[in-house]
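Plus 109 on top of the position in the sequence shown (first one is 1) and you've got this note's numbering.
Cβ-Cβ distance ranges computed for the label pairs, FRET-style:
1) Leu359 x Pro182: 46 to 54 Å
2) Pro349 x Leu373: 26 to 34 Å
3) Arg384 x Gln310: 29 to 37 Å
4) Gln310 x Gln284: 17 to 25 Å
5) Phe207 x Phe363: 43 to 51 Å
6) Phe153 x Arg407: 46 to 54 Å
Source of the hints: derived by calculation from the structure; they are not laboratory data.
Cβ coordinates follow ideal geometry from the N, Cα and C atoms, glycine included.
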Amino acid sequence: MIIAGPCSAETESQVLATAQGVKKAGGHVLRAGIWKPRTRPGNFEGVGAIGLKWIQRAKQETGLLTAVEVANPHHVELVLDHDIDILWIGARTSVNPFSVQEIADALRGTDKIVLVKNPINPDLALWIGAMERIAKAGIDKLGAIHRGFSSYKKMPYRNEPLWQIPIDLKTRFPQLPLINDPSHISGKRENVFDIAQTAVQMLFDGLMIETHIDPENAWSDARQQITPEMLSEMIPEFVPPKDIVFNADLLKSFKLLRKEIDDLDTELVQLLRNRQDKIEEIGRLKFKENLAIYQKERWLDILDKAINNARENQVNQKFIEQLFRLLHQESLKLQHQVFKNLNSEDQ
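Input sequences plus hints: build the corresponding full structure.
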């Protein structure tokens, strides 16, 4: 499924022209922002309800399904009055259970399709919880949108994809339609295709791509929107993954390689167990000598050696840094537990 359209509905002519472009490109659903929850006040916050009439007309002229973001019960009421086909709940709303519940209550008794974007923070349980609230209101046409996660770190993308989170969601709920939003993940139109192709390779069920007839002059998120012509060129380029089941030789190669990976994973877990034992020994020594659990110089030395080792062995340095930060976090937790246990014994 290709959902496409402008970040914001700006004028009637803009919506209608974009809808025609999306239809010509092979899109299935026209999306447009009517109410725009901006990070800071004073920016363009959407045209409001008048834009719903423009979307209605676009639906009549193109036959496309339509999709609009809702953030409160009043939005839901207006969208239902204008017979919008798909409602989606944005990342700034799905993070708030109170808001989601209000929307769920407003949807009760309807048969609309509802898509829930992941919360802005990487919290799978919160994402699932938002969908559960909608489901409990009687909505059975439910799907999820992966738009990436906000981060304070400097990144090549606007939002971190953290692909494992939507994969975990799909693993737990295999029948749940999962849509990828490469526009919000990339933040730059030149990166939209690469993110979208990755989602296709990961067997996502659809894409939501922000499309505008004049993206350079868009009233919101100009940098990440593409033209209908670019969308038209992009869609045929998506390469779906092949099914290896029907290629016996290829399947055999995969099985052999996966067996080797499984063996390495087993060895890796055992190494981590051995490392944990050493950490606990160090914790006992620190407790005995009344030393601080956190040793700044030692931590910086470990991190520096790990990054240099990654560089020499041509392993992704950013990944190794993140891995060792997790290991250090676990180390501090283990030593804290050692201190706690030994204190209890002394008492």
